[in-house]
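For the record, the sequence lines run as chains A and B. Residues 1 to 336 in my numbering are what the first sequence lists, from first letter to last. Residues 1 to 336 in my numbering are what the second sequence lists, from first letter to last.
Source of the hints: derived by calculation from the structure; they are not laboratory data.
Below, a list of computed lysine-lysine pairs in the DSSO-like style, where the Cα atoms sit at most 30 Å apart:
#	chain 1	residue 1	chain 2	residue 2
1	B	Lys-297	B	Lys-336
2	B	Lys-184	A	Lys-15
3	A	Lys-184	B	Lys-15
Covered stretches of chain B (chain A as the covering partner; in silico rule of three or more C-beta atoms under 8 Å from a C-beta of chain A):
#	region
4	3 to 15
5	51 to 65
6	86 to 92
7	105 to 115
8	124 to 138
9	304 to 315
Note that the structure is a prediction, hence the values are computed from the model and not measured. Glycine included, every Cβ here is placed at the ideal spot set by N, Cα and C.
2 protein chains.
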Amino acid sequence: MPERIGKRTIVINNKVCIRAAAGIAGHKEAEGPLGQYFDRTYSDDKLGQNSWEKAESQLQTDAAKLAVEKSGLKSSDIDVMLAGDLLNQCISSTFGLRSLDIPFLGQFGACSTMAQTLLISSLFCDSGACRRALAVTSSHFCSAERQFRLPIEYGGQRTPTAQWTVTGAGAAVIDSSGEDSFIKGVTIGKITDLKIKDANNMGAAMAPAAADTILSFLQDTGCSAKDFDLILTGDLGYVGSELLIGLLKKEGIDISQNHNDCGKLIFDRKGQDVHAGGSGCGCCGSVFCSYIINKIKKGELKNILFAATGALMSPTSSQQGESIPGIAHLLHITAK
Amino acid sequence: MPERIGKRTIVINNKVCIRAAAGIAGHKEAEGPLGQYFDRTYSDDKLGQNSWEKAESQLQTDAAKLAVEKSGLKSSDIDVMLAGDLLNQCISSTFGLRSLDIPFLGQFGACSTMAQTLLISSLFCDSGACRRALAVTSSHFCSAERQFRLPIEYGGQRTPTAQWTVTGAGAAVIDSSGEDSFIKGVTIGKITDLKIKDANNMGAAMAPAAADTILSFLQDTGCSAKDFDLILTGDLGYVGSELLIGLLKKEGIDISQNHNDCGKLIFDRKGQDVHAGGSGCGCCGSVFCSYIINKIKKGELKNILFAATGALMSPTSSQQGESIPGIAHLLHITAK
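So here's chain A without its partners, still in its complex pose (with noise of 0.2 Å):
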């Protein structure tokens, strides 16, 4: 049963776990440094698809379905999954896991989507509202490009803080009953808007929300940061981590030698000419996924705060002159 515990965080007790995980991603993520550890990458950006949008719903067909496998489950066996992405009215999810036919509980939260899925599959799962959860998310660099900013055929130039969408797909099944990497707590994030209005400079939106949701985590648990082997967040890049960590140190927290970001792990920033980093739903999506999920699962990560930001606006907002709100949801997982 979940229990509350503080002001804003909810203790897991029975042993909800990630049973399997499955991330996938692009050519360009398949050439960077975490390119052996996906579980799939495609060649063809397209996987096939006449279109971007396409493409990315396939890439949540292909990780749900690669997920569900290694599970040694079937669709049948799960009794809701939870899923968003980028796209106007989340497309890629809809069209992407429609043939599953399970339950379907459609989120938004951004690049925070990962972590936001995970977070309400891992509750379902601890109250008995359902035995197994899937949660899935996605990102394509080419639909969100030009969604997002402009055309792929112009070619803009790129601001140094602009941050490259990651093509990749990340999904997990949450099971109410496991043997290894389990979700012990969560906390929920809240709209956290430092009035930031560079849609160039997502790092700087999402990093304020990142930092109030790691100490309302550290408050309501008395845990130290230091306790961690690892705090990963989902998609700062190399700007909003180095914020995040000054914002933190303002509070007389170090995350400094144990902080990590999807963001900077996925890509080779210099020699892939990224400008700050990675982003996207399918940033933390895939990384979380393969290369995190089997290092807690190999017993190489013990004891870890996942917390993926989102950035929740859209281009009329921005043109309307809106700020940047961001948001952060936090799991705490432990490989025993």
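Since the structure of chain A is already known, use the hints to place chain B on it.
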């Protein structure tokens, strides 16, 4: 504690209730048959804002604050808010609810959002994951029209099956222990696709999902359709409602005497020139959170099913030749 019965239904065992709710609407809705029942209506559909999108955000702010006020609680008494809307990247919810300072989980269920947010809220309250939750949604005729169809100024001719997007919002405070308006059970919808492609006939696209979810609930619980004072759908309108009744009749289930639809209730079909009825997240959002919940609280409705439907599409998916999958989430609500 939530308890699964049958294939897809979850029984809520604690006294989870709708403590308070607020339904608000625009001037056209105020002039309709339910005008007197809304908690607040606006003569200016821009609500003093300088864009339709900001006006829609203001609808969420107002509905949420009014529901919290009616509950006798403060924002700080509420542990989580769940909200979503039709705008790209759900910006009505983000910007509308940013000032409430409550942990937030963004949802995307298209026009099923009111049921989806109530459903997750009630599971969280039943399990102890939160003590109280806030469920919110909205739509606005002008922001939806220009995003999904044509510029307002174009004044395009509408087809007979077209529905009119409601300008309105609904918000409800869910409490883990209450005295009336109990949520007794929920059924999570599946993505249901009968390959309807006509974006001017959403009722037809969504009716199969409503039939599937209502049928699942009845099978899982052993209830008969006749057990309910009212089987209420979200925004099937006139065309979709007739299809739903027909689809269930084929399964041997007669809901012709106790079915109604918020899209039929909210407008005077002929007098207000709305063709097939109302639609949008704010349609059942505003109607359920005012007219319906007040009837439950007065004991005029004792035992109802509320199944809100959503069309999971975007202009991009339709332009790329995709069909329009539907989804429907269901709540079983009793007065005492």
